[in-house]
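Chains as they are written, first to last, in our numbering: chain S, 1 to 237; chain Y, 1 to 237.
Please note that a few of the clues may not be correct.
The list makes no distinction among identical chains, and a pair is therefore deemed to hold if it is satisfied within one copy or across any two copies.
[Stated by the list, open to error] Calculated pairs, BS3-like style, for lysine-lysine (alpha carbon to alpha carbon, straight line, at most 27 Å): (1) K191 / K138; (2) K43 / K7; (3) K98 / K119; (4) K98 / K7; (5) K119 / K35; (6) K43 / K65; (7) K82 / K107; (8) K164 / K65; (9) K175 / K119; (10) K35 / K164; (11) K175 / K138; (12) K82 / K43; (13) K7 / K154; (14) K175 / K98; (15) K58 / K107; (16) K218 / K82; (17) K7 / K119; (18) K58 / K184; (19) K98 / K82; (20) K82 / K191; (21) K35 / K191; (22) K35 / K98; (23) K65 / K141; (24) K35 / K175; (25) K58 / K35; (26) K107 / K35.
The set of hints was computed from the structure by calculation and includes no laboratory data.
There are 2 protein chains.
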Amino acid sequence: MSQNEVKALVFDVFGTVVDWRTSIINECEILGQQKHIDIDWSKFVDDWRAGYRPAMDKIRNDGEKWRVLDDLHMDILLELLKSHSISLNSDEINHLNKCWHRLHPWKDSVNGITRLNSKFITATLSNGNVGLLTNMAKFAKLPWTCILSAEIFKHYKPDDEVYKGAANILDLEPKEVMMVAAHKSDLLAAKSNGLVTAYINRPNEFGKYSVEVEDVEKDIDIWASDIESLADQLECS
Amino acid sequence: MSQNEVKALVFDVFGTVVDWRTSIINECEILGQQKHIDIDWSKFVDDWRAGYRPAMDKIRNDGEKWRVLDDLHMDILLELLKSHSISLNSDEINHLNKCWHRLHPWKDSVNGITRLNSKFITATLSNGNVGLLTNMAKFAKLPWTCILSAEIFKHYKPDDEVYKGAANILDLEPKEVMMVAAHKSDLLAAKSNGLVTAYINRPNEFGKYSVEVEDVEKDIDIWASDIESLADQLECS
Numbered sequence: 001m002s003q004n005e006v007k008a009l010v011f012d013v014f015g016t017v018v019d020w021r022t023s024i025i026n027e028c029e030i031l032g033q034q035k036h037i038d039i040d041w042s043k044f045v046d047d048w049r050a051g052y053r054p055a056m057d058k059i060r061n062d063g064e065k066w067r068v069l070d071d072l073h074m075d076i077l078l079e080l081l082k083s084h085s086i087s088l089n090s091d092e093i094n095h096l097n098k099c100w101h102r103l104h105p106w107k108d109s110v111n112g113i114t115r116l117n118s119k120f121i122t123a124t125l126s127n128g129n130v131g132l133l134t135n136m137a138k139f140a141k142l143p144w145t146c147i148l149s150a151e152i153f154k155h156y157k158p159d160d161e162v163y164k165g166a167a168n169i170l171d172l173e174p175k176e177v178m179m180v181a182a183h184k185s186d187l188l189a190a191k192s193n194g195l196v197t198a199y200i201n202r203p204n205e206f207g208k209y210s211v212e213v214e215d216v217e218k219d220i221d222i223w224a225s226d227i228e229s230l231a232d233q234l235e236c237s
Numbered sequence: 001m002s003q004n005e006v007k008a009l010v011f012d013v014f015g016t017v018v019d020w021r022t023s024i025i026n027e028c029e030i031l032g033q034q035k036h037i038d039i040d041w042s043k044f045v046d047d048w049r050a051g052y053r054p055a056m057d058k059i060r061n062d063g064e065k066w067r068v069l070d071d072l073h074m075d076i077l078l079e080l081l082k083s084h085s086i087s088l089n090s091d092e093i094n095h096l097n098k099c100w101h102r103l104h105p106w107k108d109s110v111n112g113i114t115r116l117n118s119k120f121i122t123a124t125l126s127n128g129n130v131g132l133l134t135n136m137a138k139f140a141k142l143p144w145t146c147i148l149s150a151e152i153f154k155h156y157k158p159d160d161e162v163y164k165g166a167a168n169i170l171d172l173e174p175k176e177v178m179m180v181a182a183h184k185s186d187l188l189a190a191k192s193n194g195l196v197t198a199y200i201n202r203p204n205e206f207g208k209y210s211v212e213v214e215d216v217e218k219d220i221d222i223w224a225s226d227i228e229s230l231a232d233q234l235e236c237s
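Just chain S, with the same shape it has in the complex:
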């Protein structure tokens, strides 16, 4: 492990720093009560999230023109509203689509990042667009030094361009940058681009549909139960 050279920590955000699922289910359930729409909102939200990877992979692999995550979320949302015969006006739809800007942090996130800021540059490195991540930083009081996004590199993770691009735009060597994520695939891609890796365990990201606990210990540099624990391991006061 070469963590002594690390100068910047770049974070996956959805799932790693914020609890997207609980946040969005709560917003949708309130909307449902207001509009008298009685559906399984947990499933609605899981379906919304499930549409994200294929939409992104079309851009990653099929040469589709770059589009930001807000637009991909909107496409999936419009399909879901249609399939559930839910009728909303355009302001309501725009507001609902932007619930991804209003996600609540896991309880350790703000304090953990604040502690990490005492020694390191901290930045997002998310597939969320800059506007989304900036609004979220303000909403959730996440004290990032800098917002980095797939949007800046016009490539979605796990494309190499995002990891290499993050080190380059921060004026650092890849080995001086630590990728922090709750997903093994993100960390393996970062590692293959020379970044140091820290896994954050978020067993409740997908709620009761929890995926099997990932076996990552042999593949990553640091395993942490949460961001406060990462700050402990990096000796941040």
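Fit chain Y to the supplied structure of chain S, relying on the hints for placement.
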């Protein structure tokens, strides 16, 4: 003045937020003492800064390939060292060039931006590259919500692409973004792209070579003696 719609404030940085001239003269004078180099460092620093606009304009107007400000600073520095017959090794030169990452804020900047953060998104919108601005945010404890840079848009101010790009990447209309700068040319370019404008008066930016006070009041939306005064005028507690 349509400042009631403003959601984000984007800042010019060199001169507006940080006192580049005093900061760099101090670093150079210390270097001079260590290396027994006795020259007029104020003039050296003013010449360094004077080289920036023509280097940038080559990229803006002559179709030269995009290069970040750190690289432009390095070109000018190497010429200056040569013309003064100053011999430094490559580590010393790299460290000196990065003095632009270690600029001290004006005394009102950190508190002013902290207060503005209570109501607005605050971001840099500088010709400095992302790495430079991120290191400076950490060094000078500038609590930006987000770092925006000419580098992201591959255009230098005052090109339209930077101002339009900032509003677009923040997912805002131009009229929802206020450009904050100590330089009339920057504000006029922002205004012509639909942004709201705030002038910060920095009469000491260029030290004793102070330029004539700019007559801006008829051209801008807010005139402020410093960033704390801007926070007062925008009713930030």
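Find the hints from earlier in the document that the structure breaks and name them by number, from lowest to highest.
Per hint list: 2, 5, 6, 7, 10, 15, 16, 20, 21, 23, 24, 25, 26 violated.
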